[in-house]
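Visitor: From first to last, the protein sequence lines are chains A and B. With our numbering applied, the first sequence closes on residue 305, and no number is skipped along the way. With our numbering applied, the second sequence closes on residue 117, and no number is skipped along the way.
Relax, there's no trap hidden among the hints.
Restraint-style ranges between C-beta atoms, simulated for each label pair:
1. B:LEU58 - A:GLY104: 15 to 23 angstroms
2. A:ARG184 - B:THR112: 50 to 58 angstroms
3. A:SER183 - B:ILE114: 52 to 60 angstroms
4. B:VAL101 - A:MET67: 15 to 23 angstroms
5. A:GLY163 - B:VAL101: 32 to 40 angstroms
6. A:GLY185 - B:ILE110: 50 to 58 angstroms
Source of the hints: derived by calculation from the structure; they are not laboratory data. Owing to the predicted nature of the structure, the values given are computational and were not obtained by experimental measurement. Glycine is no exception: its CB is placed at the ideal position from the N, C-alpha and C atoms.
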Amino acid sequence: MKMRSSRNANSYRHRNVLIPSRGILVGMIVGVVALLVALLHFFAPDALTLIATPAWKVGDALSSGIEHATAPFGNAVALARDRDRLIAENMAANEENRMLRAKTTDLERLLGGRAAAPESILAGVLARPPVSSYDTLVVDAGSSRGVTQGAYAYGPGGTPLGTVDSVSERSSRIFLFSAGGRTIDGWVGEKRIPVTLTGKGAGAFIATMPRESQVAVNDVVYVPGPGALPIGTVVRVDADPSSPSMALRIAPYTNLFSLTWVTIGR
Amino acid sequence: MRTALALLVAILSPLLFPAALAFLLVLGASVIVPPAGLLAGVIADGLYHVPSIPLPYATLAGSAASVIGYVVHRFIETRIMGA
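Okay, chain B solo, but in the shape it has when bound:
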């Protein structure tokens, strides 16, 4: 359930919310499902990227969110298992 919700947030955030808010939501979703950040970034680039912009910044930001989410996810998992 949480996984599905996180993926839904990752898919809909780039379509419904301002970029900064979408990034925060996706960051939260990435803690639950780390690849969600990458997915949201690819969707944002797929929809809004234009050839004049040299790099797919949304995908890069999404990847960063995924990495942060993965680290936090592992940390929480370790804490829960350790407790």
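So that you can see chain A by itself, here it is in the shape it has in the complex:
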């Protein structure tokens, strides 16, 4: 009897056009939430960031937890690979140090004293690639702390990362130079050969140069900032004998996936 009445209720429900079906109801709820998110994006981006911050923090905690939990399972080959990578990074850091020392000497000669470091704003990174699509960083500093649109953002060691693209009161979004398809002019090598870098995502770049350019693997790539700022190194040169040009694959100095703090120029 009870079954029959529930079946009757269901058939009544399907017949009554004024009561929406479950699918339509879910669709309507999703539509309202999507509309709300879109409105917040345009009119109150800070609120959206505030709501998402706990989830981003949980995501960060999970990633670092997984990394720690799986660390003991690393085999000898992986450790050897890590050691080689660290040696390579150490060499790159030494090279960078040499360059920075030379640059400081040049600047001191030019300015007649120690060059003062430009003022900058320290900002915590809330979301970063690969979680944030579009190669953007969401940081916890906004217009209330003096962040302005178009300001440069720097990673550890002053490596330029991108520019501030949108600012709200308490947060801002940094559009990375390495975003897919974004181009930026720079230089490569000690001779500072001009080159146009095209972003490939996650910090990597590609550049095309004439074959006769004297560029080799491990050459440093610079972008304009205050002077020429090193952004990465050439890791591969693809030269096709039948082509008059060659492609440079550039790896960044900064690992964007583990970036926690950035500085933003004033």
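Could you slot chain B onto chain A? The hints should help.
Guide: Frame of chain A; chain B shown alone:
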């Protein structure tokens, strides 16, 4: 229950997982609740889109996931009803 889980996946995926993995999860959620893809796309654009990018690609990808999810959903529904 499945509907709530699918919606939860759609909301949390853009916040917790890399974009490619999030897309796959959202695609799965869209099979259960087709509008979930669109919702995830709008959330991703709301959080990460910057004015320099001309189109809201995440919303477009989410819409595509919704359409695929809807087609698969209907197909499964027809198969179950037909059996």
